[in-house]
Amino acid sequence: MSAVASVPGSVPGTNSDYRLEELLIDLIAGLLEGSRRVAVGVSSPIPGSAALLARHLSGGGMWVSVLGSRHLQSFTDGGVEIFDLAAQGRIDAFFLSGGQIDGSGNINLVGIGDYPAQKVRWSGSFGSAYLYYLVPRVILFRLEHTRRTMVDQVDFISAPGTSPDNVYRQGGPYALITDRCLFAFDRVHQRFRLESVHPGHTLEEVRDNTGFDFDLAQDSGPLPTTPGPDASRLALIRGEIAAAIADPYPKFAAEVLGLKGNLT
Amino acid sequence: MTDGFINDVEALAARVPDGAKVALVKTTGGVPMTLVRALIRRNVRGLHLVCVPTGGLAVDLLIGAGCVETLETSAVTLDEFGQAPAFGRAVRAGRLRLRDATCPAVYAGLQAGEKGLPFMPLRGLLGSDVAANRADWEVIDNPFGDNDPIVCLPAIVPDFSLVHARSADRTGNLYIGDTREVLLMAHAARETLATVEKIVDGNLLDDDALRAGVIPSVYVSAVAKAKGGARPLGLPGGYEVDGKHLALYADMARDDAGFTEYLDTFVFDRKAAAE
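Line by line, the protein sequences give chains L and V.
For the first sequence, the working numbering assigns the number 533 to the initial residue and increments by one for each residue that follows.
For the second sequence, the working numbering assigns the number 28 to the initial residue and increments by one for each residue that follows.
Chain V with its partners taken away, still in its complex shape (with noise of 0.2 Å):
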């Protein structure tokens, strides 16, 4: 249940403590940008960052101004708009301790998190270096086949998942709709912190139209309103990606001096970056 409404987005993200095992969802999946912008100027440090299943802005404007250590993701890319130039820059650097994964066991480990188990098997993966690179997932032979190896990944359970919502109710039910990526984002997670473009009156689940695709409240412990909260990326069923500040983004922070004037225009100005 919710703890109320906090109309302010600093206050969300000062929720977050350093050290914490963030999940964020892809880029088209509503991507909460103004707490991550907040928790950039909250200074936080050492997130465990895990993608689902993969970043791109808010995950490399975390990484280059320095707020992660551990990196559990699929892909990082600016898509269109070319490789993610922080991220690429902290892992030649040796900056970030790499988890790479692939998209499907991104998603299993979070539904092992959302059924309270150790891990989940998942087909695949037996050869590649993407399994040879983690420690932590282990080979096991199917325990009902004949000579049959097969991956378990442990549960991945992050202390937060960090949402936007198209909306939210004021008992704290959020509507994402068909993105269900974020629901289970919110299943799996210890506590989920959203902001949403409005708060509605009545209860979002009371209309079947909009049920399938609500997060309880059961799940959810602190909602800001936060209008246009995903931009400049596009939230499903509300707005389009800004490509033009994408472009943007992709040419300043080329290198470390424009990512730091990138940082000090559009995250620490916090009109810039209320446009």
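Bound-form chain L, shown alone (with noise of 0.2 Å):
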């Protein structure tokens, strides 16, 4: 494994064969596989592109909405509709960040220090309180990883994690993705299993940045390293997926992606 991630921001061509970002986007598409319909909010540029690469790799098979696009969406019944589709269980993935996450999948969007008057406030819960419980695969992104993010028990569930047996609930959190590894979370044990590092990153390192307790993929034997893009992969993100992720992210897809040519 030559790569060695480099921080958003980078360059792109120096001192790696590819950025995290598109790691992380080869890596997403992976866990998206087998998914029937995939959405993805708002601000969210690296999932989008995972959604995207994942339908391309689908052979064309898998429906994929990202909101806030104008062409990679299709809804017709305003905000509401994802809701309503989620409720249905026709969304099979969808994904949820925090500013912090917990060792039992809490999630919280809204703020640290006692409610209502916290000390730092955050946007809000957006529609986590909701499709978190009803999306089945529900990936959560959060690129820092920190004790501040990855916290022991956050300060306020925007979403829980997991539910009572009489909650109705079909989803929950099946992954959890940062900029130093991946987590599954198993909902029998409601813990995360670290499942692998990226590379240039350590189990110690991640232990030391985690403030929840976690699971080992496996017992013995040296962890794995989540593997990056192989070259054909690599060219697809850069073409292919760059220029349909400019429509509603041309920044990202120039500046991360590389993305040449008129932008819009």
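Accuracy of the hints is not assured; some may be wrong.
[Said to hold, decoys possible] Subject to a maximum C-alpha distance of 20 Å in a straight line, what follows is the list of computed EDC-like cross-link-like pairs (lysine to aspartate or glutamate):
#, chain 1, residue 1, chain 2, residue 2
1, V, 271, L, 787
2, L, 783, V, 267
3, V, 254, V, 35
4, V, 142, L, 609
5, V, 142, L, 613
6, L, 783, V, 106
In case anyone wonders, no lab produced these hints; they're calculated from the structure.
Fair warning: this is a prediction, and the values are worked out from it, not measured in the lab.
Since each chain sits alone in its own frame, please combine them into the complex, following the hints.
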């Protein structure tokens, strides 16, 4: 593994074969495999690119909707339609993030401190307090993996990771992807399980920067390294996928994926 | 039916009394920014603001200008330009009655409102701190199920839905295209006050291609022409958001002095606001 992932904002092509963003797009596309319908929320260029890549790799059989895009979504009933689809079981995968994420899969998009007059206030819960219950594969995505973000217990539960048996719940956390590693969520034990660390990162470093306990995918032997995209996958990401994601995210397509040409 | 056209946005703003429950659409839906600035100039107080289902620049401005008492929203954000600064300050200072929600809960409340129903049930929510902090929400057992708790949300009936539409005809029909949350807002509210880019001849309902994107005049109380009325935000089918202005706002509004300077420059100085 020759690649060392670059930090967001660094210049493409320097000091690595591919960027962290490109590894993540490839990784997430793999997690989406087998999904019939995937929706991506706003302000999510990496998940959006990954969904488009997964659709390409599916041979076009996957339905993908990228909110915030005119051409990459097909809703005609306004903002409510995505939520209605999810409640009917028509969305298989979605992405959520959190200012804080804890070891039970609870996410906090509201703020830090005692609610309501919190010392740090973020935007709000958006659709999380609904979609987290209803979409089978919710992929948590957070590009800051520190003890500030990966906490033992969130200050405010925008949406809980698990629910009692009598609560109608078709979905929940499936994986947690950070700039350091990939966790899977074990719904039976209600805990995260470290699956792989990204190139250049270590288990020790992940432990040092994680405020919650987690399990390991294997008890002994070296922890797997997250595989990066091969040359043909990388060309696909930088070509066709970059061109498609430029609709909602022109800056990302140009600056991160190196898309050249006229930008609208 | 409309009372007629008021080609003066200030007169439209004058119709919104202090303490009114007002609904505004999310940033991409065609926010009546000219009308919002007029509301701030009219020094409206005590608003109960319902964000459908999220808020941005308009909401941050109204909060920072001291117009809002209660805020019902799923989020307030300047999107790629960062956190909403005036909202953050008001929360920290405890100046807002917060009703944090989740997007489909706002829609569901409005749907109850448009149907004249007392409440709407909604999945999700159970066990969240969103629900725990909403004393106005009730958990019932699904009467058709067996041990199936479900959250009931009271109807949201705004006194006013404030909208900016692409066009109006002279009977007061509004063309909004496919931003159907705006249609929902108009259905649910007691009155809809609209600014529009332009007034067109004929009846919008006569055109099959437009008809599905029309708010019929039965919901609309008053209309004022305001070309560019969503700027600096965008208008679907019209114009894009002015990113430079949003960046300028995010920068200026970082502290109270800068926020006041922004208001002086872009809200109270009408010439600048019309840019």
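Against the structure, the hints come out as follows:
1. 271/V to 787/L: Within the cut-off at roughly 19 Å; holds.
2. 783/L to 267/V: OK: residue 783/L and residue 267/V at ~15 Å, within 20 Å.
3. 254/V to 35/V: 12 Å, holds
4. 142/V to 609/L: With a Cα-Cα distance of about 17 Å, the restraint between residue 142/V and residue 609/L holds, given a limit of 20 Å.
5. 142/V to 613/L: 18 Å, holds
6. 783/L to 106/V: 14 Å, holds
In this structure, none of the earlier numbered hints is contradicted; all agree with it.
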